[in-house]
Amino acid sequence: MRRKSFAGAILWAALALAPRAVADLLVGSNSYSAVLRYDQQTGASLGTFVQPGSGGLHQTDGLTFGPDGNLYVCSEAGSAVLRYDGSSGAFLSVFVPSGSGGLDVAEDLIFGPDGNLYVSSIRGNAVLRYKGADGAFLDAFVPAGSGGLAGPTGLRFGPDGNLYVGSTRSSEVLRYDGHTGRFLGAFVTAGSGGLAMPVGLGFGPGGDLFVSSLRTDQVLRYDGQTGSFRGAHVAAGSGGLKGPYDLAFGPDGNLYVVSSGTHQVFRYDGATGASLGAFVAAGSGGLVVPTYLTFTPQPCTPDEATLCLNGGRFRVRTRWQTADGGSGAGRAVPLTGDTGYFWFFNSANVEMVVKVLNGCGLGGYYWVFAGGLTNVEVTTTATDTRTGETRTYRNPQGTAFLPLQDTSAFATCP
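Per this note's numbering, residue 1 is the first one in the sequence shown, and the count goes up by one each step.
Check before you lean on any hint, since a few could be wrong.
As the list claims (entries may be wrong) - The following label-pair restraints were derived from C-beta to C-beta distances:
1. Val333 <-> Gly191: 19 to 29 Å
2. Lys131 <-> Gly185: 26 to 36 Å
3. Asn375 <-> Gly261: 27 to 37 Å
4. Asp223 <-> Thr180: 40 to 50 Å
5. Thr180 <-> Gln41: 18 to 28 Å
6. Leu402 <-> Leu138: 29 to 39 Å
Note that these hints are calculated values from the structure, not bench results.
The structure presented is a predicted model; accordingly, all values stated were derived computationally and were not measured.
Note that the Cβ used here is the ideal one computed from N, Cα and C, for glycine as well.
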């Protein structure tokens, strides 16, 4: 979304830091035309990751890590996508040249399950698709105005494999077939729950959809399967939130929200939405008009709730909930390099077996398979630690565990 540049923006820079063993928070500073880095545990500034104007960056918007481990950034005013080294932030190339395929004001971007790059053209009212290997234009995946799309912002592939897009000017979240781009309907109908100008979208650990409502200073929550309104997860102005832009769940399970109106990033309890305070202080590290955020890929570390599968690349966790409201994290037990199981109530009682397989030679995907011996509600998340891409699967309450056979889970081969 286009904004005015701030005259006399802070001329501040620091050397990009060496790679770290833990995830850091990256935030785009729109007027500063840079990407800033912060400690994920404290919010302290770690310096400028992408230097102001590096590679022609002009007004920073969407950020994402690609299958190659590098950082891809929307140069909003430049109508281009730039690529930077994922470890140092050094400029590598113009991945999508200015205006390629009709790109007009580049807003957000995401790599899809097919390994290709999807970019929202906010002025063109379309979502464009580019080859994931070299950035060549493929097609208008969502044609201009399809389903009433007006001012596309947040892009997310949902647990169902479909593409969800925030339509700012119609105050809806629209859903499109993840394979063809065909319009499937308004997932969140116009103004549902008071939604006014949706920007950031994110699927939570339980599979629900969280949407930032820019004009009402809220984060709203919707059922991840039906789109029905479930309440304001972050109440209007909670903690001082003003102009909520992008949002994301962090490695700690909490919700991080960009407050574009106060030049901050706020943190909220992932389960309740309670304010945990300003995580990144106003102006920290030179933050001016923050827009989008992302977390650096985090290596998988096995613990009592985490399986690290397929050479440790994929992080798998589960949460269970009983009919009477009891809940908790599944306890992880590794079996082989690609397989493990979880127990919920007693270590002698296996509840679920899961594996992540390399199916790259049989179609170009990593596969996620799971089977269970339970009928309680189970939410399973599998994350590719190389890209940060997550798949969420949910078994309904009171239903015998439905076999999971996702043979197109991650198109990030090899």
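Supplied distance hint 40 to 50 Å, evaluated on CB atoms of Asp223 and Thr180: At roughly 24 Å between Cβ atoms, Thr180 and Asp223 fall outside 40 to 50 Å, so the hint is violated.
Gly261 and Asn375 - C-beta distance against the hinted 27 to 37 Å: violated (46 Å)
Outcome for the supplied range 18 to 28 Å, where the beta carbon pair is Thr180 and Gln41: Check failed, 42 Å falls outside 18 to 28 Å.
Status of the given 19 to 29 Å range, CB of Gly191 versus CB of Val333: 47 Å Cβ-Cβ, so the 19 to 29 Å window is violated.
Gly185 and Lys131 - C-beta distance against the hinted 26 to 36 Å: Given about 29 Å between the Cβ atoms, the range holds.
Beta-carbon spacing of Leu402 to Leu138 - inside the hinted bounds 29 to 39 Å or not: Holds, at about 34 Å.
Of the numbered hints stated above, those contradicted by the structure are hints 1, 3, 4, 5, listed in ascending order.
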